[in-house]
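K.L.:
Chain by chain, the residues run as shown.
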Amino acid sequence: MPAPSPEFPSSGQAPGSDYFPSGDFLESPNMATEITGMVNADMAVADSLHTLDPDQVAHAAIKKRLGWGFWVASTWVAIVALSALFAPVLPIQNPNKLTSCTKCFPDSYHWFGTDSLGRDIFSRVIWGGRVSLTVGIIAILFGLVVGGLIGLVAGFFGGRPESVLMWGMDVLLAFPALVLTLALITFTQGRSVGFIPLGNSIWMISLAIGIVSIPPVARLVRASTLVFSHREFVLASRTLGAGNSRILRKEILPNVMLPVLSFAIIGVAVAITAEGALAFLGLSVAPPTATWGSMINEGRNSLETEAFISMIPATILFLTVLGLNLAGDRVREFLDVKEGGL
Amino acid sequence: MRFVRKKLVQLIFVLLAVTFLSFLMLNLLPGDTAVVVCGISCDEAGLQQTRTDLGLDKPIPVRYVEWLKNTATGDMGISARNKQPVSEAIRERMPVTIELLIYSQFIALVVAIPFALIAAQRAGGIFDRSSTTIAFGLLSVPSFVIALVFILVFAVNLGWFPAVGYVKFTDNPAENIHDLFLPALTLAVAEMAVYLRLFRTDLISTLQEDYITMAKAKGISSRRVLIRHAVRPSSFSLVTVAGLNFGRLIGGTLIVEVIFALNGLGRYLYDGISGRDYIPVQGAVLVVAVGYVLINFAVDMFYAVIDPRIRHARAIA
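Sequence order for the protein chains is A and B. Just so we're aligned, residue 1 is where the first sequence starts under my numbering, counting upward by one. Just so we're aligned, residue 1001 is where the second sequence starts under my numbering, counting upward by one.
Just chain A, with the same shape it has in the complex:
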């Protein structure tokens, strides 16, 4: 009995459902696969006894969509991003203005209430989003560019460069992420490169989180580069006379970009959480600049009586991270379709 071909589960049949419903069969894009399916019909009956991974079943049974979850999540992230982007021109209160109304509960004037210094939490949440998103995006872009290059070179050339680069990644991974970012920020406090201040400036924070994100990107990119560099289209391109750099740019990079995309979305979420943790520990950008983490930290003292001071920014942070994770996860599943068909 031959093993069922790997394409079989993804060919439009959910094992456990009726075999060959006529409509599906006619619309099938791949006759050969279906015929293999017929030959293996008894195998399939055996298969149908198993409980299959529900994800797999869903992939096969319905056409792939991003799903409503993705759109809800992206809408939320878009709202946060847009309001952060336009914070200076939005008709909101000054985030750093002290008022006599301290620890006021939410009302029609202060939508989210005020903190212990009487500052409007609603506008601080919006301004805090600027820091979080800026750090998240810069950090991941840095990680993608550097980690991506390392991964491409290591995966494509192999040999000595690969072992040296991957050893470097192992060394970086030896430091727990939070400890490494803390150390980088602490030990560069007061230093600057040219006109860019290090320490707890937004640049150094992004850079520190970016450095931490290099190894996972490099590993991911290396793994998929390794797969693609042995594919037929690369061989074809080489036969046509393309050099290494052209193959890397035109053949491998576009293919590697896809899995990296979903990683990048989730990476932004991780970076935002990391910035939140730094701010919570009082090591992100200096006060009075609003950041979600520092707002949560400042509200800790009045947790017993005015929990909203901490919990509102905490909820916003959670929803944003959740939204990015959800979107990234859906994009990953959505893009998976290509590999399954090969």
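Straight-line C-alpha distance at most 20 Å; calculated EDC-like pairs for lysine to aspartate or glutamate:
no.	chain 1	residue 1	chain 2	residue 2
1	B	K1168	B	E1099
2	B	K1006	A	E162
3	B	K1007	A	D170
Bear in mind the hints are in silico, worked out from the structure with no lab data behind them.
Let chain A serve as the given structure and place chain B on it in line with the hints.
P.N.:
Using the frame of chain A, we list chain B on its own:
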């Protein structure tokens, strides 16, 4: 054995690099290193002492070797603030952190394994879908937010657990376990979500193996098939990830120790950072990183021991 030798060589190189980077950290400091390290309340004598301690007049490679020698013999310098030797402070604070790590892993596994078993038994069922969704949500909550919510609910409102502080294990073990429950649970939340997803996926794919069909065909009940036939082969990645997390969690304990005022290694690191006391920070980073590398190595070895396929495949590769 070739596998072990290869791994050992790698281990030594990584350890050298990690120690070198930890050593170099002080050189990142702006200005005169001795002045910064010595701290705010530093007189001329103290400054001179710091200079000789750090050996700042010598070239970096020489200083590195000397520093490595001192560190290996347990001399990691002294704190500028309270003049306590760093190695002594670290030894004092290590037990709480380690206890927290073990405790949280225990909670995470105790919750995740049964949930994964129930979920995998009816993959795609209502229990499976809801537990996977909740796990996904839990993964998105930062630990400092979870900690605050727990404090708010269980310490402030219900008063079941203390919000800060704890009794030492040696003084009263039961009280100690009780007091450390909230910090351990905080750390465990994200872990249990990871373990649940991982173990569930592995179980589901094991349940598709032919020998499971065989077992079912022989009329063994599905519960027995699940427990006796599917659990062991599905637990490889769970064991690995749980092992590796011991190291990774050290970063997480830092936040939890700060919030719950626990006198552990993470808190020591944090206090050093906020007090601009750099020698303790360097020592703590070094201990954490070396510990992490060693744990990873041990997990790798253990993995090879329990699964001979890995041992051979990797040795060939």
